[in-house]
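**Q** As you go down the protein sequences, you meet chains R and G in turn.
Position 467 (the first sequence) corresponds to 467 in my numbering; numbering is contiguous.
Whatever position you read off the second sequence (first residue = 1), add 1000 for my numbering.
It is worth saying that the hints were derived from the structure and are not from the lab.
All of these numbers come straight from a predicted model, not from anything done at the bench.
Do not take every clue at face value.
One-sided and incomplete, this derived list gives chain R residues near chain G with beta-carbon spacing under 7 angstroms [said to hold, decoys possible]:
(1) Val86
(2) Arg89
(3) Tyr328
(4) Asn332
(5) Glu337
Cross-link-like lysine to any residue pairs, in silico, SDA-like; alpha carbons within 25 angstroms at most [said to hold, decoys possible]:
(6) G:Lys1459 to R:Glu362
(7) G:Lys1467 to R:Glu362
(8) G:Lys1467 to R:Ile421
(9) R:Lys467 to G:His1430
(10) G:Lys1467 to R:Gln376
(11) R:Lys467 to G:Glu1300
(12) G:Lys1410 to R:Ala321
(13) G:Lys1079 to R:Glu362
(14) G:Lys1459 to R:Val359
(15) R:Lys459 to G:Ser1372
(16) G:Lys1189 to R:Val359
(17) G:Lys1467 to R:Lys459
(18) R:Lys397 to G:His1374
(19) R:Lys467 to G:Ser1372
(20) G:Lys1467 to R:Gly420
(21) G:Lys1467 to R:Lys397
(22) R:Lys467 to G:Val1359
(23) G:Lys1459 to R:Asp309
(24) R:Lys410 to G:Asn1329
(25) R:Lys467 to G:Thr1006
(26) G:Lys1410 to R:Glu362
(27) R:Lys467 to G:Gln1376
(28) R:Lys459 to G:Asn1157
(29) G:Lys1459 to R:Arg298
(30) R:Lys467 to G:Gln1297
(31) G:Lys1459 to R:Ala155
(32) R:Lys467 to G:His1374
(33) R:Lys467 to G:Asn1329
(34) R:Lys459 to G:Ala1155
(35) R:Lys459 to G:Lys1459
(36) G:Lys1467 to R:Tyr328
(37) G:Lys1397 to R:Lys459
(38) G:Lys1467 to R:His268
(39) G:Lys1475 to R:Tyr328
(40) R:Lys467 to G:Thr1334
The beta carbon of each residue, even a glycine, is placed where N, CA and C say it ideally should be.
There are 2 protein chains.
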Amino acid sequence: MPHMQTAEKWSVFEVTLSDPQVGNPFDVALSAEFRYKNRVVEPEGFYDGDGVYKVRLMPDTLGTWEYTTVSDLDALNGKTGAFTCVEPRPGNHGPVRVRNTYHFAYEDGTRYVPVGTTCYVWNHQGDALEEQTLETLKSAPFNKMRMCVFPKHYAFNQNEPELDAFERLPDGSWDFTRFNPAFFQHLEKRIGDLRDLDIEADLILFHPYDRWGYREMPAEVDDRYLRYLVARLAAYRNVWWSFANEFDLMQAKTELDWDRFFKLVQAHDPYQHLRSIHNCREFYDHNKPWVTHCSIQRHELDQVTIWRDQYRKPVVVDECAYEGNIPYNWGNITAQEMSNRFWEGFVRGGYVGHGETYVHPEDVLWWSKGGSLHGQSPARIAFLRQIIEDGPEEGIKPLDINWNQTQGGKRGEYYLHYFGIRQPAYRDVHLPEDAQFTIEIIDTWGMTITPVEGTFSGKCRVDLPAKPYIALRIKKV
Amino acid sequence: MPHMQTAEKWSVFEVTLSDPQVGNPFDVALSAEFRYKNRVVEPEGFYDGDGVYKVRLMPDTLGTWEYTTVSDLDALNGKTGAFTCVEPRPGNHGPVRVRNTYHFAYEDGTRYVPVGTTCYVWNHQGDALEEQTLETLKSAPFNKMRMCVFPKHYAFNQNEPELDAFERLPDGSWDFTRFNPAFFQHLEKRIGDLRDLDIEADLILFHPYDRWGYREMPAEVDDRYLRYLVARLAAYRNVWWSFANEFDLMQAKTELDWDRFFKLVQAHDPYQHLRSIHNCREFYDHNKPWVTHCSIQRHELDQVTIWRDQYRKPVVVDECAYEGNIPYNWGNITAQEMSNRFWEGFVRGGYVGHGETYVHPEDVLWWSKGGSLHGQSPARIAFLRQIIEDGPEEGIKPLDINWNQTQGGKRGEYYLHYFGIRQPAYRDVHLPEDAQFTIEIIDTWGMTITPVEGTFSGKCRVDLPAKPYIALRIKKV
């Protein structure tokens, strides 16, 4: 008996086939039945150039899997094989799922607190800058990256991408029937790099900032592109499907188009990766059943509690403006204000995303191209992340919020109060009478945690430093 | 011929009558016909205690006025006299009127830029503290004071007032048929003190924070009180009628009550002083014809432009939270944020009011009791006031405001840009092509004005200090 192949749980297992090219290989129908006991998973395959076809699986169960390929091309049809799915390496917790309605966990049950950043097209900047971005991410607090499949045309983004997504016809126009495998291989490489840093790839499938035509492809090309992407990428455990950045600015698309895209990916993705869509002004209806969580652009973090109630899904404010100093008001808030928005959103039981837009002599702004971080908010975000991860396992629930109080936690056990830009000299807190609590004063900007001496119960007055950006952490003894 | 009395234009001219008290002197009908040529002004008189009755006029026309009293009491009826109205002293510009739809001017045409503060019950604190408040106001930047007729019961406000507004019955309850003249004499004295400092008295006629019963008097007492107030105070040129603080928290009153109060005062005030009503949460309908301007409580100063469009009246945000450090979020913003809110509101063509609530060992908080100012925003407010007063005579008009730009001024002549908490390193401004402009960079917090070298036209890029609270002033050469 030959040595059986092994594949780590939640890794990419790949069946590679080849056939000399005849006609358009992108038209070849290919899939594989992967069988584990009585269970069958049948992902679609794809053509990867140079006569090579692939079918990918993300195995999610330990043990022996067998497979048989299915194709309308004889040379690719009926190929069989088997492999053993083995224990994941430390740090591999599987794909992220929604848990407890408003929160997230990896498939192995490990809690996942999304602390995202945005480098829209870091993957289109050439290897030198892309490697620098990865190096920066190693010591940054971020475990999610918003990034686009397609390149970006916008202020500070005038450079040509190294790779095109399609081949071209002799007249220079796109041949939408032929993908450029190198484009997608590079994308996969970068998604894999993020995975190896434990960073989720919140992959933006369409966006409006375009001079190449990707934002206004014919409907059948959109669908073909989505199926090709799913075939290639769904086996990457760290992929999230973000159907658009600022969908409402994409005039060539209607709401029905977006619905169709969601349903198409939902139908083809064997692993049901997270699905969302990001707005500019108006929201897509996040209540639609194929939306797994809200991906929101808004500056008003006090709305997080409203969106939670409105959609009953996790609320991720991926864009609340960026720390920086560019002329646009979406990209010139201070580090203090960025940190403030993170705290406001997290204490209300939501999640907030980072971005950075400092003017740079070569237009290398983190928000789009990656590179290095220059701001002061990432350190505060790391500090907050640690506090949230040390908090209730089931996530933060907003508690008794009113005009005078921003508070979240777990009733009776754990409370975070946040005072934002306010500077109270003291505050009364109302704790349960039947237990004792410790109180700590957190300087969210200074990144200090100072215990208040004693333990507390019932109504108690807490003296505060009378400056902005102060929080309280209150824990049951 | 005896020497004829004189009265300064827009001062209080008083006819004093007396009669030994019979029955309830507050029930005596009294007025006077004041005649200037073919014009007649007929203010109501009032009983001022100790057998003394008065009728007051604010003469508004230079020359000879004659009068005849009218009363159902023979001893007060048919008294005649005359006086000469003479030129006002410097600084006396008459009452404030609405001008140019959204702005204000004194009756003599001098522009009035309201820069208000709030000391709700400074006039109920005893002479020592009241004199200290007046002393503080002498060097403060404020030319309007929000203040209540009645005393206040609230956090930090537990002290008893020195004077009651009514006499008491033997059982200790109010005798609502008999005012306490000393109460109103003291109020007048303080309104006169403000007038002498060129400060408008934005007089709050009702408010909800009460333990004495003033907030829930019978309807006929309310009406009688309002007529008595108008009879006493309308001749003070610096009086504004603010029908309530937080009318929507006064559960004993309905919208019809407020309408009635407005109409009653409108009918009896010979001089048509400014009339407004201040909200807590919901707005009164400022479109009603008897409302002269909007008096608003809101923290969102970016709404000023919306309210202007909605009501087509001056927008005065009398309460946008107070600089201070008390536990309540309406009273613990930083000086920076207070200054920021002033700038945001003024550049949008509105007006903003100040208040201060720093914790004080004897609970003497400026916002309610007056005393001394401790904060850092008044200096910035003075700086802003000077800039606005140096600006277009007809007031600031919001110009081309959008998500990226807060700008007001006079098109083609004068522009103020304000960047708020944003920290742009540069901005493009778009000036008319057919003129030259100077550009100054204003540090609204640092209180510096730095000219940019040269003159400018068309689209130009302005380098900025990349920190918060920066504005631009652009003037046609």
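**Q** Just pull the numbers of the violated hints for me, sorted ascending.
**A** 1, 2, 9, 12, 13, 15, 16, 17, 18, 21, 23, 25, 26, 29, 35, 37, 38
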